[in-house]
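Sequence order for the protein chains is Z and G.
Sequential numbering from 438 applies to the first sequence in our numbering.
Sequential numbering from 585 applies to the second sequence in our numbering.
Since the hints were made in silico from the structure, they are not lab data.
Here are the simulated EDC-like pairs of lysine to aspartate or glutamate, each with C-alpha atoms no more than 20 angstroms apart in a straight line:
id : chain 1 : residue 1 : chain 2 : residue 2
1  : Z       : Lys469    : G       : Glu700
2  : G       : Lys915    : G       : Asp893
3  : Z       : Lys469    : G       : Glu689
4  : Z       : Lys469    : G       : Asp704
5  : G       : Lys928    : G       : Asp910
6  : G       : Lys722    : G       : Glu734
7  : G       : Lys970    : G       : Asp893
8  : G       : Lys1116   : G       : Glu1157
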Amino acid sequence: MSIIFFLIACSIFLALMFLIAFFWAHQAGQNKDLYTPSVRILFDDEIVDKDEIK
Amino acid sequence: MAVLIQFQCYHCGDDCVIELVKDDKKFCCNGCLNVYTILSNGGLNNYYKLNQFPGANQNRETNKFNYLDNEEIAAKLISYSDTEKTIVTFYIPAIHCSSCIWLLEHLNTINPAVLENRVDFLKKQVYIQFNYHQTSLKQIVALLDQIGYEPLISSQDVVQKDLAQKDNLITKIAVAGFCFGNVMLLSFPAYFGLSAAEENYGRVFSLLSILFSLPVVFYSGLDYFKRAFYSLKQRNLNIDFPLALGITVLLLRTLSDYIFNTGEGFADSLTGLIFFLLIGRYVQQKTYHHLSFERDYKSFFPVAVDVIDTENNISPIALDRIKTGDRILVKNQEIIPADAILLKGNALIDFSFVTGEAQPIKKVWSEIIYAGGRQTSGVLELEVVKPVSQSYLTGLWNNAAFQKNSENRTKTFVDKVSHYFSVVLLLLASLTFLYWLPQNWQTGLNAFTAVLIVACPCALALSTPFTMSAALRIFDRNKFYLKNTDVVEHLAAINTLVFDKTGTITLTNKNEMSFIGQLSLQNQGLVYHVCKQSSHPLSRKICEYLDANSKPVIENFKEITGHGLSAFYQYQEILIGNSSFAVGATTNLASNCPTVHVNIDQNYLGYFKFEQKLRPGFVQVLNRLNTNFKTFLLSGDHEQEIALFQKTFHQKDNLFFNQTPQNKLDFILNQQQQNNKVLMLGDGLNDAGALKQSDVGIAITDNINNFTPGSDAILDGESLTLLPNFIAFSKACVKIIHISFCIAILYNIVGISFAIQGKLSPLVAAILMPVSTLTIISFTSIATYFSAIKHQLKQP
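The task is simple: from the sequences and hints, build the whole structure.
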């Protein structure tokens, strides 16, 4: 049963990693603008009209 | 007349009157054509493919940005600068679609000196990094302006620092949530009961839980102790006092339970409490990035003014450096920055924003022009007689109303209740302790702490933020933007409404014009072309009203100041002016509004009538408000058109004209001294004092990107008709808070009945707290939802 101590340690360590990852993301400003990236990702390099292809 | 086929401008989508063609695309004006040329040369045609007509109309005068070369002014705008790059953030009101984002993030293709730039769409901000060896701040701004995205630059910083960022609320919530989750996990075995063999596991779990709760209390929850301490100092127990007390007792109880091995402790309730409380605070913080409620005259005035020195050189100087005696230049559509004497130029000043006068005013040589007016024709040369901070208008900001904090306003419901709540709570806990003391001091101490724990007003502390934030969202959807959640409660207490006139209940720039009489198409053309040669405000309005379909040759044009215009067309004499000037008018016309009479070739044809146009639906709104509230009108304008308002405002005594900004402020103060709770609706700088002094000051605007004076709330002009609904809804919200308070008290009574008997187990506490919190949150959300539907602020 003492394996449970090891498991708890593992789970806490993992959770801490996630917490640190969140801190890093927050510090880096990833939560500052939650809208613009959703638009930005849709921009293609160059939009070509259908009739221009012909 | 040939029928013109209307084309839409490829850039902005407006109808093209003159035809400008390039690459088979049509443009309405040179401005739009220029933008297209810049973009297509830069290979940025994608701009037009992402959205149809993405551009803003460019048919306006270009602004000069010379003042940005002044290092002192530039330094205020630049947020970071080193030898390699300069970083600057601009607020650009024109950002409205995905094309805007695309174009503004491709500035680099037009100007290679731009190193990196990003758009924040919701805040309408663009962040630009550029190499200042290759370009200058002025060139960047000029480029933005050329492509139709003029940044809003004002001496009061528009680019606001993120408030939520400053107090680390998100980080605190993350820590509390992380610890809360782990503690819950560790507490679960104890809920189901541990056998004697597993006892030592329980000890380790408790120890770990305590370790987890320490950062929650001392990092996430620290603010509650600080605020509780302040409230003790001020001898007024606010909601933070019982909260901090609850947190302290929970922690001490958990520690002592571990040390003396008397139970599992309350670490789960402790972490959960702080986690929920912080979420409540997060919900309460609503920031409108594009709105500012704290603006004063500084953000209305220009950043810099063109000053002419003794050698006739013109150079831009920062506004606060302007001294008495400086000669300044003010161009068309610019704002007079300081009280000044007119030296040169045709001054036609629009004071509607400053004094409430609806019509522009003509000023002559050597007359004093007060700061704040907008020049509407040509360039002016002025000599400053008073520095900006002491001018007639800005002097208002020295009034006491601007110095005091909003603290002495009505206390919110929670503030009032929590004082008594804390006292009753302490009394009850002490009584319990005294009751048990003779029998068993340990049970007594147990019960004492249990009462403080279970009565910790978590649900009470959450009911206000959740109700109010739901209310704020409803208001927001109806274009009514509140500064913070307290405003809802102040709004609910209102019993007196005070309206400003120009711009608030009347539409600025939109007069209801009509011609009484007959005017043939040909005569319309004549009147148009005569009026076109005059710069009088009424002539301009007539030109806007009439169509110019013919091009008659007007001869012998004369403008007789104070009377009217005269001209000849093919030996016909045209007289346009006041009733005595344009012969034939009935002089005793009972009109309360400006009129312009027309006489062509000795025939009196009729007159133009300029009525101020009330906002649509205002009369109905006022009728609804009159039944429950006292309503007043305070206008800076003259008493003309009083009849129009006498019809709408029932009591004639409640109409006040010729009010100075100071008069308005004093009026509000006077009403407040009679124990009235006053709501002030205004739009201009002249209302700023009254807005600040009133219990709820609402600034009304037709374009929320425009300047609005400092206020508690900003209302879009379209939503003025909903004002009675807004007030009724805020009353409903306060009622919801009262009911949820009763629910919270019921839960407390259940909890305390356990606690007094000394029977409160950590399990009961751990169930009771989240359940009560959940009940409150769901009750407030559902109740606000339904009352919003009831008050027609939301579609079901």
